[in-house]
Amino acid sequence: SQKIEQNSEALNIQEGKTATLTCNYTNYSPAYLQWYRQDPGRGPVFLLLIRENEKEKRKERLKVTFDTTLKQSLFHITASQPADSATYLCAREGSGGSYIPTFGRGTSLIVHP
Amino acid sequence: DSGVTQTPKHLITATGQRVTLRCSPRSGDLSVYWYQQSLDQGLQFLIQYYNGEERAKGNILERFSAQQFPDLHSELNLSSLELGDSALYFCASSVAQSYEQYFGPGTRLTVT
Chain X
176 SQKIEQNSEA LNIQEGKTAT LTCNYTNYSP AYLQWYRQDP GRGPVFLLLI
226 RENEKEKRKE RLKVTFDTTL KQSLFHITAS QPADSATYLC AREGSGGSYI
276 PTFGRGTSLI VHP
Chain E
97 DSGVTQTPKH LITATGQRVT LRCSPRSGDL SVYWYQQSLD QGLQFLIQYY
147 NGEERAKGNI LERFSAQQFP DLHSELNLSS LELGDSALYF CASSVAQSYE
197 QYFGPGTRLT VT
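Protein chains in written order, with my numbering: chain X, 176 to 288; chain E, 97 to 208.
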């Protein structure tokens, strides 16, 4: 079955630095990957979707890459701020191209002032 | 604010009981999805409804059921509750079949 693997260890960085989170997937390359932000006790918020044929996508301070050779997506937040502290979830399409995403467990990002 | 509402916000109940969680999707969204999130399992898809009909099923227990009403709100019924059912339950909605889902604030269920 398809799996999404994210680093379970929290990422601690200093304000102003670039945060980079990793998402690895197994089996076949998905048609897309999504990134969500989740604050404690709240619902995930959709951030970006990147398709298999889009090597890179940007939205304001966010950048996502999709490397089908490494079976990996990287999520970057440039000029990070304490307000960026949250858990970031990666998700892939479900089996058979289903619209139901398979989520990773998420990586916690802590930005220190 | 995603536009998706869920009630109640918190629910504390005893083992063996039955509860109903309610979700109202964003205006215009026809699809509703239910997810369970616990510390050891992450975000797990339970079930999807589209315009009143069940469209997809995930890791939903037989003790759990859901429905979507003509006004498109949805209810998730959890019965014969066990301690292990304690979790956050999220509802999400989307326009038809869409990759982008909008999540509600969740219902925190505690089974004692």
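Treat the hints with care, as some may be off.
Computed Cβ-Cβ distance ranges for the label pairs, DEER-style [to be verified]:
1) X:Glu-231 with E:Ala-192: 22 to 30 Å
2) X:Gly-216 with E:Ser-175: 22 to 30 Å
3) X:Gly-216 with E:Ala-110: 19 to 27 Å
Beyond 10 Å from chain E on every Cβ pair, some chain X residues (computed) [as the list claims (entries may be wrong)]:
4) Thr-277
5) Ser-283
6) Val-286
A few chain X residues that don't get close to chain E, going by computed Cβ distances all over 12 Å [to be verified]:
7) Gln-181
8) Leu-186
9) Ile-188
10) Gln-189
11) Lys-192
12) Asn-202
13) Gln-209
14) Arg-233
15) Glu-235
16) Ala-258
17) Asp-259
18) Arg-280
19) Ile-285
20) His-287
Think of the hints as simulated: they come from the structure by calculation, not from any bench. Quick reminder that beta carbons are idealized off the backbone N, C-alpha and C, glycines included.
Problem - Structure-inconsistent hints, enumerated in ascending order - result: 4, 7, 13 and 18
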